[in-house]
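Chains A and B supply the protein sequences, listed in that same order.
Note that the working numbering has the first sequence beginning at 6, numbered continuously upward.
Note that the working numbering has the second sequence beginning at 7, numbered continuously upward.
Any given hint could turn out to be false.
[To be verified] Here are some of the chain A residues that sit facing chain B, going by a computed Cβ distance under 7 Å:
| id | residue |
| --- | --- |
| 1 | Arg27 |
| 2 | Asp31 |
| 3 | Ala32 |
| 4 | Arg171 |
| 5 | Gly172 |
| 6 | Leu177 |
| 7 | Val181 |
| 8 | Val184 |
| 9 | Leu194 |
| 10 | Val199 |
| 11 | Leu206 |
| 12 | Pro209 |
| 13 | Asp218 |
| 14 | Arg232 |
| 15 | Ala233 |
| 16 | Pro238 |
[Stated by the list, open to error] Pair ranges (Cβ atoms, derived):
| id | chain 1 | residue 1 | chain 2 | residue 2 | range |
| --- | --- | --- | --- | --- | --- |
| 17 | B | Ala74 | A | Ile23 | 55 to 61 Å |
| 18 | B | Lys36 | A | Asp207 | 16 to 22 Å |
| 19 | A | Arg231 | B | Pro30 | 55 to 61 Å |
| 20 | B | Lys36 | A | Gly226 | 53 to 59 Å |
| 21 | A | Arg176 | B | Glu24 | 52 to 58 Å |
| 22 | A | Glu123 | B | Gly35 | 58 to 64 Å |
| 23 | A | Arg231 | B | Arg110 | 18 to 24 Å |
| 24 | B | Asn42 | A | Pro238 | 49 to 55 Å |
| 25 | B | Asp73 | A | Asp198 | 33 to 39 Å |
| 26 | B | Gly35 | A | Gly17 | 55 to 61 Å |
| 27 | B | Met68 | A | His224 | 30 to 36 Å |
| 28 | A | Pro215 | B | Gly35 | 54 to 60 Å |
| 29 | A | Arg176 | B | Val49 | 51 to 57 Å |
| 30 | A | Glu168 | B | Asp105 | 40 to 46 Å |
If you're looking for bench data, these hints aren't it; they were derived computationally from the structure.
Just so it is clear, CB atoms sit at the ideal spot from N, CA and C, and this is done for glycine as well.
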Amino acid sequence: MRVRPYVLVGAGAIQSAIAGARAAVDAWRETWGFEDDAQVSCIRASEADSLHGPGWRAWHKDGVPGAWVRLAPDEAAAPGSIAHAVAERARRDLVASLAAAFGARADGEFAAEPIPHEARAVGAGMIVIRVAWPGAAIEMLVASAPPANGPAQHRSAPIAPAEAIRGATVRLSAEVGQVEIDLRALRALAPGDVIRLGRSLDEPLTLVAPGGDTVCHGHLGASAGRRALDVVP
Amino acid sequence: MNNQTNRAEAKQVTQVIELPEIKPHPVPGKPVVEGNLAMLQSVKVRLRAVAGEATMTVGELMALREDAVVALDRALNEPLDLLLDGQVVARGQLVAVGDEFGIRITEVSRVAQP
Chain A
6 MRVRPYVLVG AGAIQSAIAG ARAAVDAWRE TWGFEDDAQV SCIRASEADS LHGPGWRAWH
66 KDGVPGAWVR LAPDEAAAPG SIAHAVAERA RRDLVASLAA AFGARADGEF AAEPIPHEAR
126 AVGAGMIVIR VAWPGAAIEM LVASAPPANG PAQHRSAPIA PAEAIRGATV RLSAEVGQVE
186 IDLRALRALA PGDVIRLGRS LDEPLTLVAP GGDTVCHGHL GASAGRRALD VVP
Chain B
7 MNNQTNRAEA KQVTQVIELP EIKPHPVPGK PVVEGNLAML QSVKVRLRAV AGEATMTVGE
67 LMALREDAVV ALDRALNEPL DLLLDGQVVA RGQLVAVGDE FGIRITEVSR VAQP
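With the hints as extra help, turn the sequences into a complete structure.
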């Protein structure tokens, strides 16, 4: 049986993805000295028709695809020219910046690879970021929830359930005894009646958890004007 | 022998029983029980007599040691609760009956009386 997390992409996640991509594009633009004419948009992968088109390549790292990228047009300038080399480096740099912004592995190799159906499914949590200029665009398919601090996020180790519920409050009852009677006797009960509770005077009472389990025993006494239990072994 | 008898009986006419459809009556009939619990008179119920309660965190509970004093939320002169299925059905005074704990009823629920 295969199990994968079901992640829905909310409007807030879309907005924060756009903001994250915008920041990556702006940083990249300043590095390369480009004008601010890029349009950044984002849609859910399950709604992205462009994923069915050709030209998608997977960004691999250690054999694991981390993001899919499509460049349009595929060639920015005539191959072999300096303009081509610069444009290619600039594009790669942007792809790496975008991938890093979404916590995807950004230092691997491109490879032609079809986008798996799961990545396009509703609940896959995948989004398509599109950065477009007049005449060119980069699209990237990534997971919508980027780690808060990039790939090297520090997660604290899971804590034991007993530790996790330390702060929860429980209501314990001090039980003197139990008695079984029939409804007839209960309905006939009247003030002045005495019921034996089946516990000897020198026996400790039972401290009972909400579920009915015994927590411990304690002798009934007084403390600061209230009843109290003196816990015994 | 018994087995043969069964077989002999099985050779007699047997029919599948078809149950008639019960249609809901348009007018509700008279109450059958009408708050009268007489037929439940013999039902045994378990009552718990509680001297008080203590609220603490799980952390405090886990730190609880022998000889600790657990204060209850009841003053010394307050009555005990008599609980049926977690609900107070009567209250009373803690007494000694011989060498045994007991409760002398001081208050019962009015509603439950016949």
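Original post:
What hint numbers does the structure not satisfy?
Top reply: Result: hints 1, 2, 3, 12, 13, 18, 27, 28, 29 break, sorted rising.
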